[in-house]
Amino acid sequence: MENTDFNAGQPGDTRKRIVQAFVEHVLQTGRPPASVFKFAQDLGISEEEFYRYFTSFQGVKSDVWDQIFDETFAMMHAQEVYQSYSAKEKLLSFYYTWVEVLKKHRSYLLALYEGHPNLHKITPQEVRSFREKFKEFAKGLIQEGKAEGEIVDRKYISDKYDDALWLKTLFLFQFWLKDTSVSFEKTDVAIEKTVTLAFDLIGRTALDSFVDLAKFLYQSK
Amino acid sequence: MSSTQPEQDHIPTSKVQRASKFIGAGAKVGGNYIKHYAKKMVNPSLSKEELHASNAEDIYASLSELKGSALKVAQMMSMDKNLLPRAYQDKFTMAQYSAPPLSYPLVVRTFQKAFGVAPEVLFDTFTTSAVNAASIGQVHQATKNGQTFAVKVQYPGVADSVTSDLRMVKPFAHRLLNMNEKEINHYMEEVEEKLLEETDYKLEVQRSTEISQACHHIPHLNFPTYYPALSSARIITMDWLEGDHLKEWLQTNPSQEDRNKIGQALWDFYHHQVHLLKKVHADPHPGNFIVQQGVTLGVIDFGCVKVIPEDFYRGYFSLIKKDSLLNETQLNQIFFDLDFISSLDSPEEQAYFKGVFKEMIALLGKPFHAATFDFADDAYFSQIFALGDRVARDKMFRNSRQARGSRHGLFINRTYFGLYSLLNQLKAHITTTKPEWLQ
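Sequence order for the protein chains is A and B.
Using full-length UniProt numbering, the first residue of the first sequence is number 1, and each one after it goes up by one.
Using full-length UniProt numbering, the first residue of the second sequence is number 1, and each one after it goes up by one.
Across the chosen pairs, the derived CB separations fall in these ranges:
| id | chain 1 | residue 1 | chain 2 | residue 2 | range |
| --- | --- | --- | --- | --- | --- |
| 1 | B | Glu242 | A | Gln28 | 53 to 61 Å |
| 2 | B | His271 | A | Glu148 | 51 to 59 Å |
| 3 | A | Gln67 | B | Lys247 | 48 to 56 Å |
These are calculated hints, taken from the structure and not from any lab test.
Quick caveat: nothing in here was measured; it's all calculated off a predicted structure.
C-beta: ideal position from N, C-alpha, C; glycine also.
Between the sequences and the hints, there should be enough to build the whole structure, so can you do that?
What follows is the structure in structure tokens.
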């Protein structure tokens with residue numbers, strides 16, 4: 001944090017400074033700061049000022065996740081070819097870009113989340129905004145997929161597709177945390193596999209044809 | 001084939017998943033045997049050929065889904081034609097052409113890892129789907145400043161899975177090739193080493209450049225230029241060679257003269273590599289060659305290069321001297337040096353194996369013994385197949401306590417079988433050449 005500017009008066013700057021200092025602290029010590037009081041003091045702001053921007057450290061963490069999503073989203077859309085992708089390819093592209101962005105923050109994320117055996121350790125609050133943004137993105141994809149016939153509309157179930165994709169995202173995050181292969185090649189393979197599986201499941205399958213046939217037989221009795 | 005296969009977006013990578021593929025094939029093969037014998041009870045005239053055909057189909061179906069090294073093994077088995085019953089051969093040759101492609105975002109990702117930018121930034125155009133599949137990668141077509149390139153992108157995780165894949169192929173090799181455990185281990189080690197080399201695209205670029213420069217003077221032969229700056233450990237960029245694959249070209253009924261030209265270029269290419277460079281493109285399957293206009297042979301894949309050690313080279317090739325020129329002691333010495341026979345063998349075994357190997361050598365060396373050789377001669381190839389078949393079924397070989405033949409021989413044999421078989425398909429009449437020291 002060599003460029004911490006104590007005279008910066010703008011609210012946006014303080015917010016940014018808090019997030020930066022938090023990340024720095026985690027990187028340096030391997031854990032979150034002990035208290036908001038200590039953290040604010042070290043940063044040269046009052047505890048009160050901290051609370052003007054965030055209610056707790058969870059909020060700060062959430063902000064980091066937010067940035068990760070925004071960066072991923074921007075990078076992904078910066079690729080010209082993105083617009084011509086099918087829904088499935090868009091999702092693949094999202095994950096590949098995402099792990100690329102995650103890589104930049106790997107030490108920070110490892111310090112916070114490594115060794116936690118289950119996904120729920122990433123508490124909902126921390127990733128809420130990330131999740132909301134992702135689900136919105138996923139919903140868009142699903143709509144697009146349905147329009148293109150890539151995804152089959154199934155009553156009740158298809159409303160839950162975005163939730164399923166979110167769980168998959170958490171899974172991939174965990175996988176990536178544990179991945180030790182050269183340049184995270186295994187994560188790449190995991191992404192290909194899980195996305196294919198997901199789209200195999202939500203695309204037209206034998207089961208749909210079966211239900212269709214059963215319906216027909218029932219109706220024409 | 002390629003047109004009917006759906007785009008496959010994943011390689012089954014976990015060991016369990018791969019194993020289950022193989023078990024699937026194993027179960028089916030078992031089922032085929034049961035079906036075969038059940039049918040045979042009803043119809044005793046049923047031939048083994050039919051059984052081989054259904055086995056080959058099931059095994060191929062499983063192998064082609066695995067990609068990577070398993071597919072490579074399928075290719076190799078299809079190369080060593082003399083080792084395989086005919087039904088297996090036809091099916092496996094398909095492996096040499098196409099496997100289902102990987103998704104485009106993964107291609108972009110591979111580029112980003114290697115160069116930090118998407119393919120569209122490096123090139124003016126870049127095909128989003130693969131135009132061709134290689135065994136451990138896929139080929140995209142790209143253009144830049146009016147020049148057309150072939151860009152080969154490797155599947156991720158291939159290098160990691162080579163070893164475990166081969167271990168699982170083993171039981172199949174055992175059943176298909178009638179090899180015993182020791183022979184397979186012997187074979188697999190060499191194969192594994194070559195496969196790992198093949199996943200190293202940087203090495204491939206280096207070797208391709210080296211060999212193509214050294215062979216550039218040979219008439220009717222053409223090599224693409226390789227671009228190291230646009231290549232990485234997972235990506236190779238080279239010139240796009242316009243033309244037909246060898247098999248497609250043959251379907252256009254080329255004239256005898258043209259077929260001879262192509263065949264002669266092939267022969268000269270291999271002669272130069274083996275005897276002068278002592279480094280050989282050990283993968284002469286039709287998918288690696290393209291016939292261009294004005295009948296020029298384009299060589300497009302240098303994944304598998306075998307470096308021939310000097311002592312092996314001397315021993316192995318002195319065998320192509322005419323029988324009369326070698327006396328018994330010299331021959332014995334060579335057989336020992338090349339591990340055809342060992343001191344562990346009983347005198348009867350020694351005598352037996354020597355007999356068989358002499359027969360093999362006489363047969364395989366035949367093209368060298370005359371100034372010209374007509375590879376259209378199917379009778380000659382039937383003889384080779386018959387001998388291979390006999391050896392494969394032979395009790396003495398199957399029960400042999402050790403592997404026969406130097407491990408270096410595996411790829412050299414494969415190279416020559418491949419070369420002969422290509423020349424046979426070309427029905428080419430060749431002016432055969434021998435290195436000076438063997439004249």
